[in-house]
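Asks: Take a look at the letters that make up each chain.
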Amino acid sequence: MSNFSPENNEIREETGNVTTDLDQNLDNLETDETFAPEAGEAAEASLEPAEFTVSDEYKSSLAEAIISSEDGTSKKRAGKKKKDDDEEVYKKPLIKRRKPNRSVAGDIFLYIFLAFVAVVMFFPIVYAVESALKPLDELFKFPPKIFAQNPTLDNFSDLFVTLSKSYVSFSRYLFNTVFITFMGTAGHLFIASMAAFVLAKYEFPGGKTFFKVVTVAMMFTGYVTGIPNYIIMSKLGMIDTYWSIIIPAFASPMGLFLMKQFMEGLPTSLIEAAKIDGATEWKVFTSIVMPNVKPAWLTLIIFSVQGLWNNKASALIYSEEMKTLPYAMQQIQAGGIARTGEAAAVLVVLMVVPITIFIFSESQILETMASSGLKD
Amino acid sequence: MSQFVNDYIKVKKHNFRVGVKKARLSKSCYLFLAPYAILFTTFFILPIVISIIFSFTYYNILEPPRFIGLHNYLSLFLEDDIFLISIKNTFMIAIITGPLGYIMSFLFAWLINELPRWVRSVAVVIFYAPSIAGNCYVIFSVFFRGDAYGHINAFLINNGFIDAPILWFTDPRYMLNVCMGVILWMSLGTGFLSFVAGLQGVDKSQFEAGYMDGIKNRWQELWYITLPSMKPMLMFGAIMSITQAFGVCDVTMALCGYPSTDYAARTIVTHLFDYGFTRFEMGYACAIATILFLLMMLCNKAIQSLLARVGT
Numbered sequence: 001m002s003n004f005s006p007e008n009n010e011i012r013e014e015t016g017n018v019t020t021d022l023d024q025n026l027d028n029l030e031t032d033e034t035f036a037p038e039a040g041e042a043a044e045a046s047l048e049p050a051e052f053t054v055s056d057e058y059k060s061s062l063a064e065a066i067i068s069s070e071d072g073t074s075k076k077r078a079g080k081k082k083k084d085d086d087e088e089v090y091k092k093p094l095i096k097r098r099k100p101n102r103s104v105a106g107d108i109f110l111y112i113f114l115a116f117v118a119v120v121m122f123f124p125i126v127y128a129v130e131s132a133l134k135p136l137d138e139l140f141k142f143p144p145k146i147f148a149q150n151p152t153l154d155n156f157s158d159l160f161v162t163l164s165k166s167y168v169s170f171s172r173y174l175f176n177t178v179f180i181t182f183m184g185t186a187g188h189l190f191i192a193s194m195a196a197f198v199l200a201k202y203e204f205p206g207g208k209t210f211f212k213v214v215t216v217a218m219m220f221t222g223y224v225t226g227i228p229n230y231i232i233m234s235k236l237g238m239i240d241t242y243w244s245i246i247i248p249a250f251a252s253p254m255g256l257f258l259m260k261q262f263m264e265g266l267p268t269s270l271i272e273a274a275k276i277d278g279a280t281e282w283k284v285f286t287s288i289v290m291p292n293v294k295p296a297w298l299t300l301i302i303f304s305v306q307g308l309w310n311n312k313a314s315a316l317i318y319s320e321e322m323k324t325l326p327y328a329m330q331q332i333q334a335g336g337i338a339r340t341g342e343a344a345a346v347l348v349v350l351m352v353v354p355i356t357i358f359i360f361s362e363s364q365i366l367e368t369m370a371s372s373g374l375k376d
Numbered sequence: 001m002s003q004f005v006n007d008y009i010k011v012k013k014h015n016f017r018v019g020v021k022k023a024r025l026s027k028s029c030y031l032f033l034a035p036y037a038i039l040f041t042t043f044f045i046l047p048i049v050i051s052i053i054f055s056f057t058y059y060n061i062l063e064p065p066r067f068i069g070l071h072n073y074l075s076l077f078l079e080d081d082i083f084l085i086s087i088k089n090t091f092m093i094a095i096i097t098g099p100l101g102y103i104m105s106f107l108f109a110w111l112i113n114e115l116p117r118w119v120r121s122v123a124v125v126i127f128y129a130p131s132i133a134g135n136c137y138v139i140f141s142v143f144f145r146g147d148a149y150g151h152i153n154a155f156l157i158n159n160g161f162i163d164a165p166i167l168w169f170t171d172p173r174y175m176l177n178v179c180m181g182v183i184l185w186m187s188l189g190t191g192f193l194s195f196v197a198g199l200q201g202v203d204k205s206q207f208e209a210g211y212m213d214g215i216k217n218r219w220q221e222l223w224y225i226t227l228p229s230m231k232p233m234l235m236f237g238a239i240m241s242i243t244q245a246f247g248v249c250d251v252t253m254a255l256c257g258y259p260s261t262d263y264a265a266r267t268i269v270t271h272l273f274d275y276g277f278t279r280f281e282m283g284y285a286c287a288i289a290t291i292l293f294l295l296m297m298l299c300n301k302a303i304q305s306l307l308a309r310v311g312t
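Keeping their order, the protein sequence lines are chains C and G.
So for the first sequence, the numbering used here puts the first residue at 1; every next one is plus one.
So for the second sequence, the numbering used here puts the first residue at 1; every next one is plus one.
Treat each hint with caution, since some may be false.
Think about it this way: if two alpha-carbon atoms lie no more than 20 Å apart in a straight line, the pair counts; the simulated PhoX-like pairs of lysine-lysine are [unchecked claim]:
(1) C:LYS201 / G:LYS21
(2) C:LYS212 / C:LYS201
(3) G:LYS216 / C:LYS208
(4) C:LYS208 / G:LYS301
(5) C:LYS201 / C:LYS323
(6) C:LYS294 / C:LYS283
(7) C:LYS212 / G:LYS216
(8) G:LYS27 / C:LYS283
Keep in mind that the hints were calculated from the coordinates and are not lab data.
Start from the sequences, fold in the hints, and give me the full structure.
Replies: Okay, structure coming up:
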């Protein structure tokens, strides 16, 4: 045992893990390429109940390998011998079955289908970006080409020239939109999570009814409530201020709904434990519940930002210096044939922000979802 | 009889007292709920109530509302031919894009759930991007442009399928179909995202238990394990797709124009928009809104009872 090679040490550790940490090994197999394939296969084999005997054989073969390396044979040979053994014991399939109840043919078919749909879905967006890069003469070419031959950024620079020549400067439009988006999202997140917390985790008279009303209100599109909303705003004196956009965004029913659904998945025992330890309701909310529903609040932020960023606010804000960026952009877009290039650039500018925000927060969502293995 | 009434009142009183006591005990709950509840009532409940009240009046903003009973509703269904067209169109769109978009959202969320992590995150972005890409759907007016410069027309002409360009967005035969295609393209929205998040939260040990109990293929797994544990998300997705399907107006207005040829692309919301923001007949517009709201509620009830049967 004195000249025990590091490789074997590793294998031994891993076989130890097989029995205890099956799940983790399987995960590693899917994601980590550097993981030793032998141990991974052992893990897979031992998952399938029909092949328990095989995994015993595998253990014996492992023992052999260890012995052979103890005899003083080189590391390489030991590894090779082990591989041969493996091929004798299992016939390695061409494509590995990741789960016992999945057919390979079905996998392949579905992935091809998925790839095809993905291309179709993404094509219009790629095309929108492409056409923003086309010079004006290419935009009106026959037969039309999908990709730009001489890509330029002229359309974007034209757009910024137009914007900078406008009555209100571009930076003011940008500030308006950013301010509305930021304030609205922050307030919405805070207020909606507070309400969602008590609705999800406590029973009190009126709570269920209130939530039902919220769900129903979610179906009312903005146009439907537009007229009465204006009347209420004018009574409250909020017309022509940022608050006419920001305050209603606080109470957006969708955020509450989403938050409550996620919070219901949180184990109640967690909250009870905190209560026994002497935490107040507020403490439970801020330091137990909120950190545990990170995926939900990221989702909330995405939706809120998305809604507010594209808000044209044309009905409630009249002063030109308080108008939002999408509104200014839309006016340029409506400029007709001469502004075709700029209109294409506007499309790209308007879609870049929500998509970028989504890309960043999405990776976080998936990450938090994967690592937050809360089981009741 | 009086005995019964007395008992009834007693029980009611008791229940009420218990309720008040409970409410007093959960004071902090109300404190948490209060900010949201106040804002929500002001900006979401009150407008709906006002809208329903106005639907029984004649109101043109300048004069005070005048009560006219059911007149608005009667003229909507008996005199307004365009409204009937818009109902037909909305139903066409809702029946085709609603369920299809819903199923697509779940199907793709479910399929990409099994991909390796980084592929999955790319796939989520690709599928979700159309619905958040601002007004990117305007790009379809370039594909389907009515003259020979449009890609679809150019392709069809060059390959000899047609000899004159098709007016995709002005010919009533094609308008609605093209719009439905665009709506489907955008339909992987909020519901889809919720499905993706929900699928990752499904307890993995349930699947292992499923293998043991003899679940043979992915479809059985879907029906017996995945779908039942996804019910909350499914409900949410259903509401989202109802809202989306019945609230269509941006896409048709941007692509087919407003008003569209022969009103062939007019939806209920477009009609509402017309009366509310162009003709300022607010009472009439509010009646349209109320009908739309009732339609959505009925649809939601139907879907909820359908979803209750999932996995049984």
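Asks: Hints first: check each against the structure and report whether it holds.
Replies: Against the structure, the hints:
| no. | hint | verdict |
| --- | --- | --- |
| 1 | C:LYS201 / G:LYS21 | 19 Å, holds |
| 2 | C:LYS212 / C:LYS201 | 16 Å, holds |
| 3 | G:LYS216 / C:LYS208 | 40 Å, violated |
| 4 | C:LYS208 / G:LYS301 | 17 Å, holds |
| 5 | C:LYS201 / C:LYS323 | 41 Å, violated |
| 6 | C:LYS294 / C:LYS283 | 17 Å, holds |
| 7 | C:LYS212 / G:LYS216 | 39 Å, violated |
| 8 | G:LYS27 / C:LYS283 | 16 Å, holds |
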